[in-house]
Structure formats: structure tokens, C-alpha cells
Amino acid sequence: MRTRHWLLLSMTLLLPLAHVAAHHSPTMLYDLSREITVTGIVKEYQLGNPHMRIYLDVETNGTTETWLAEGGSRTQLMRVGWTGKEVVPGDKITARGHPPRDPTAKLIHMTHLTLPDGTERFSEDINYESFTERRRRPE
Amino acid sequence: MRTEPAMNHAQRIKSAVSKLLVGAMIASSFAASAQTADPASPFFGTWSGVFTTQDNEYWTLADIQCFVGCPADFYEGLSALLADPANDMTPAMALAGQAAAAWEAGFATILTPRGKQVRAANRPEDDPKFVNCQPYGFVREVTNPLPLLIRRDGDHLVVRYEEWSLLRNIYLDGRAHPEHKTPTLLGYSVGRVENGALIVETRGVTPDLISDNTLAGHSGELTAVERYTLHENPRRLELSLTLTDPVTFTKPLVMTKTWLYTPDVEIVQDTCSQQPGRADLR
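Protein sequence lines, in the order shown, are assigned to chains L and B.
This note's numbering numbers the first residue of the first sequence as 1 and each following residue consecutively.
This note's numbering numbers the first residue of the second sequence as 1001 and each following residue consecutively.
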């Protein structure tokens, strides 16, 4: 969990920077200082541009709402082995990541996806954690 | 005195054919030589930014902060803060915050009233290019985080961007910009190689967002000059992009972006996510 906390710390520190943008500015849409998880049933999965998206039905207090879990960009995820067949409609998944700034939006910036077999995969483009101590170029 | 025997008809034909073949070989050799002498050839190939090559030790935090391209002032300011040993005990992201604040203060002074108005109105969450399958405008495409491939096709370079699978022509035959041309997403680009730098001037670009980290926009009066230079250790392509737009800026805005030479990276065909956007999820 240490890793996770360090990642969250990095993301928290990113927050004040209007400057800091991921591929499509998650900081603009999402509160990167907080983390939520959303579990539901996959309705649709698209490994496309601008970002990978999974629509899922989430049951809350007896009503079903459709959420959108947004991950990394298509071609970057393909380079690390994503195929677009990770989940299919009907699968039960859990998305872990950041909530939207708009509290009424049914959105999550999904940094991690738990597949039906229980495997959790990093589902974003950039691992910011690996950069926090890369201050200078090698001699 | 010995004299060469006169050639018969068959020998004369054989000799002429031989000369023609030798001539063709020499011409071919010259053509190959001319091809290798193409001043644009060092720029050919596939180039990838920090986004695709995160593990390369060349990159620093400043590079990842600028993986969609960013104002040169910010990049240089943050790089200087990170390089200063006096800041070693300060968290790197706090230094990024300092650099961002310093940049913001300077940037505000170069926006015209119209530029400020456009910037204030830019809301990425409402931008159809953000939520749907619509390619970026010129500046965002040129500085996008995904790999690109540069090759020559006759009188022009073709830049194939992985982002949105867009193709762009850069004419190198010395032509001028057309006087009247309908503005387009990527505009009209003419270029030249000068002292080893590839310099490209683009006009006729439809108004659009400059970047989603500055939130600034530009008008149809934009003139963009890209200056690409090559460097070694590692082999890389550095872009200095100067944006001149009297409607938006009181002085030019300079953006920067770097790619590494990655001959093993293949450009992946981009495919859209066709969906209704986020409005239906509210």
C-alpha cells in the first residue's frame, strides 16, 4: 500500500497546477486528490481515442445507474498489451481511481481496473510515481 | 605500327549497349547520391515522446510535465529548479507548482483582451474534441504525446501522426503560401532545411485551443513557425514552436516538445471512441 499512498501524494501535489495535464487533462475533470472505487456490470467497452472507456451499470440503493470509467489512451495501452478484449458486456468489474469534480457526474478516472478473475491492472498511461525523483539528466 | 581492327556491326552495337549501361549505372549512382544528400533526410523516421518512452533515463519530471508540449518558459523554469542542488530537499511536485505559478504570472501579461476572453471561456470538459472523436487543432496535434513518422514524398515531407492518424504535408520546394485558402485544421505548411534545422511555417489554421494545459486559444490570424533541431545522446528531435497571433498575444508564445528517435516503434492505427460524451452521464 505504500506505493499507492505515494502515488496519491503525487497526484495530490499535482492538483494546484492548472499546467499539469495528462493526455486529456484529467486534472480538469477529476479530483486527483481523492480515490473512489466503483463496482458494476460492463455494458460496453471501447479501447479507443481519446481514452479507453468502460460503461458499466452500477446498482445504488436499489436503482441502476450507468457510469463511465475512463482510463488511458488507446495506442499507449495497446503498447503494453491491452487488446480491447479485456472485458465483455456482462462482466463484473471494479474501477479504482479519481472521482469527478462535478459531483453529479457518474464518472471515474480509472487508474486501476479489477478484472472478473480478480486481477488488477494499471489502466492509465503514465506512472507519475516513477518521475518524482527524476530531477536531472544522467551525467 | 599496329592498328585496331575495325569493329564489325555486332561489335559496334555491343559497345554502344555497354556504354549505355555504364551511363545508366553512373546516372543511377548520381541519383542515389542525390537522395542521400537530401538535407531533410536526418529528420526521417519514427520519433516518440516521453509518453511512449517513459523508461528512458533521459527524461526528467519536467519532460513528463510537458508530455503534451508546453510553454518553453515553464519547461526551462522547472528544469532550472529541479537542477539546483539547493532544492533537493523540496518535493519535486512543489517545484513544479512554483514553476507553474511563475509561468502563469508571465503568461497573463502577453494575452490581449480577446486572448483573455477566449482563455476564460475554454472549458475542456465541454470541448467536443475532448469528449468525442474529433481530431485536435493544429497546435495540439503538432505537440501531441503520441509518436510520429516523417518521410519524404517528392516535393514534400509527410508527417504521419499516430494521434488521430492524421497526415500532414510540408512543402519543401520553395513555394509561397497561397494568398487565399480556406482555413483547415492543420493549415498550409511550407518548410526548408537551414543550417541543419528544419523550419516550417504554417498559416491558414482554423481557430482552436492551443493546449489543454494553457487553456489558451488562437485565432485564424495565427502564424506558426516550427523549428526542429537534431541532437545526440540520445538521438532526439527538439521542437521550438513560435506562435504569433496579434488577435491573441501581444508577443509570440513559444512552445517546446522533444521526441527520441525510436526506429523500433511502429505507428499504431488510431481508432475513435464513438460515444455520446459525458452529458448523458450527468
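What the hints contain is simulated information worked out from the structure, not anything from laboratory work.
Keep in mind it's a predicted model, so treat the numbers as computed, not measured.
Backbone N, C-alpha and C define an ideal beta-carbon position, used for all residues, glycine too.
Any given hint could turn out to be false.
Partial list, computed: chain B residues near chain L (C-beta under 8 Å) [claimed, not checked]: (1) Trp-1059; (2) Ile-1064; (3) Met-1089; (4) Met-1093; (5) Tyr-1171; (6) Asp-1173; (7) Leu-1260; (8) Tyr-1261; (9) Pro-1263; (10) Asp-1264.
Verification of the hints:
Residue-level restraint check for Trp-1059 of chain B holds (minimum Cβ-Cβ distance to chain L is 7 Å; threshold 8 Å). About 5 Å separates the beta-carbon of Ile-1064 of chain B from the nearest beta-carbon of chain L, less than 8 Å, and the hint is met. A hinted interface residue such as Met-1089 of chain B counts as satisfied when its beta carbon comes closer than 8 Å to some beta carbon of chain L; here the least separation is about 12 Å, so the hint is violated. Using the Cβ-Cβ criterion of 8 Å, the hint placing Met-1093 of chain B at the interface with chain L is satisfied: the shortest such distance is roughly 3 Å.
Here the hint on Tyr-1171 of chain B is broken, as its CB sits about 28 Å from the closest CB of chain L, past 8 Å. Because the smallest distance between the Cβ of Asp-1173 of chain B and any Cβ of chain L comes to about 32 Å, over 8 Å, the interface hint for this residue is violated. The criterion of a C-beta within 8 Å of any C-beta in chain L is not met by Leu-1260 of chain B, whose closest approach is roughly 13 Å, and the hint is violated. Annotation: Tyr-1261 of chain B was flagged as interfacial toward chain L, and the flag is violated, the nearest CB pair being 17 Å apart, outside 8 Å.
Hint status for Pro-1263 of chain B: violated, given a least beta-carbon distance of 15 Å to chain L, over 8 Å. About 11 Å separates the beta-carbon of Asp-1264 of chain B from the nearest beta-carbon of chain L, more than 8 Å, and the hint is not met.
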